[in-house]
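Could you put the whole structure together from the sequences, leaning on the hints where they help?
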Amino acid sequence: MTDAPPSASRRRLLIAGAAACGAVTLPGALRWGRRALLPLSTTPAAMADTPVTIALGDPQQFDLHAPGARIDRQPVGMDFYERDWPPAALATLRYLQGPHSFEIPWVSSVMGCSNPRNPDEGIYAWNIDAFALPGDRMPHKLARDSLFTLFHELLRAGWQRFLLPSDPRLARADSLRYAIARNGIYSLDPLYVPTMDEWMQLNQNLPYWKFWADGVYMKLQVIDEPALRDPQGQGVYMFTIDLQSEAAHFRTYFREVEDMKRWRELISDELKPHAPARTRTEGELRLQGYTIDETYRDPPILALRQTHAR
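Per the working numbering, the sequence shown starts with residue 1442, numbered consecutively.
Be careful, since some hints might not be right.
What the hints assert, rightly or not - Distance condition first, Cα-Cα at most 25 Å in a straight line; then the derived DSS-like pairs of lysine-lysine:
#, residue 1, residue 2
1, K1702, K1713
2, K1660, K1713
3, K1660, K1582
4, K1702, K1660
Said to hold, decoys possible - Label pairs and their computed distance ranges (CB to CB):
#, residue 1, residue 2, range
5, T1732, N1624, 43 to 49 Å
6, P1717, T1693, 19 to 25 Å
7, A1688, E1735, 26 to 32 Å
8, Q1675, A1530, 21 to 27 Å
9, A1718, A1507, 42 to 48 Å
Calculated from the structure, these hints are not laboratory results.
Positions of the beta carbon are idealized from the N, C-alpha and C atoms, including for glycine.
Shown next, in the form of structure tokens:
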């Protein structure tokens, strides 16, 4: 398993994000993924007074009766729990996971996924779209600092950095150097705050950071508007945050539906080639002057622990 490169529709997504910030005005509705973003005014955003709560699992932990909330039931057997907020009243979103709970400000939309054929699993994934800060445009440094403030809160809540099992264990500036060399396809170190020159270079490839906590996996990606990437000017920034249950995360290692259903049985064999692949890559990188982070440990697979305990 490897991270996918940035989508071919990147420009379309970025323009949509810019429109949502009021940096550009677009006629009519514009599709961003599954949701329509309407032309928005440049009125500075305010946040709703009461945080909206979401959690993986029981859908009742998401307020389904609030204005703007809806369930999109697809004939293929998928339910999408959705809610959007206008730019004049963006939401504060609180994700609930015991000691790993956290809040995200300036949220514009949220979408949860469930499969009605597996009701015990409930909502197994959430996608969150949030602005870095309210308003039309912002200094690039302010957007960077807003992101790393969130990282500080995540780390304080017990979230840890996550790397794919075949990826080399690189930390701090080495992680950034490697990500740039691979056109952004690598999870960066949340403890390393890039310089402004590095930040502007990173944004050319939609940088992302990955975390895990107690069987839940998170990916946070930065989206900026390329036309506003002048370091002396201001930019438009959005963050997308994806949360997955352990089962949803490990199902992505398989292509066949039947294998996805049996992921607990198959995952150990599926992961076996990843360790030697990591070792080979790390050996090559050492020769290039990289330092390997020997302290990094892959997260445990909780479902396998539970299976062995029976």
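Taking the hints in turn, this is what the structure says about them:
Between K1702 and K1713, the direct Cα distance comes to roughly 19 Å. Compliance with the 25 Å bound is thereby established for this hinted pair. Between K1660 and K1713, the direct Cα distance comes to roughly 23 Å. Compliance with the 25 Å bound is thereby established for this hinted pair. With a C-alpha separation of about 22 Å, the suggested pairing of K1660 with K1582 holds against the 25 Å cut-off. For the suggested pair K1702 and K1660, the alpha carbons sit about 23 Å apart, so the restraint of at most 25 Å is met.
Checking the proposed 43 to 49 Å range against T1732 and N1624 shows it is violated: the Cβ atoms sit about 22 Å from each other. One distance hint, 19 to 25 Å for the beta-carbon pair P1717 and T1693, holds here, with the actual separation near 21 Å. In this structure, A1688 and E1735 meet the distance hint of 26 to 32 Å, their C-beta atoms being roughly 30 Å apart. About 23 Å separates the C-beta atoms of Q1675 and A1530, a value consistent with the hinted range of 21 to 27 Å.
Between A1718 and A1507 the Cβ separation comes to about 46 Å, which falls inside the hinted range of 42 to 48 Å.
Hint 5 alone, counting from the list given before, is not met by this structure.
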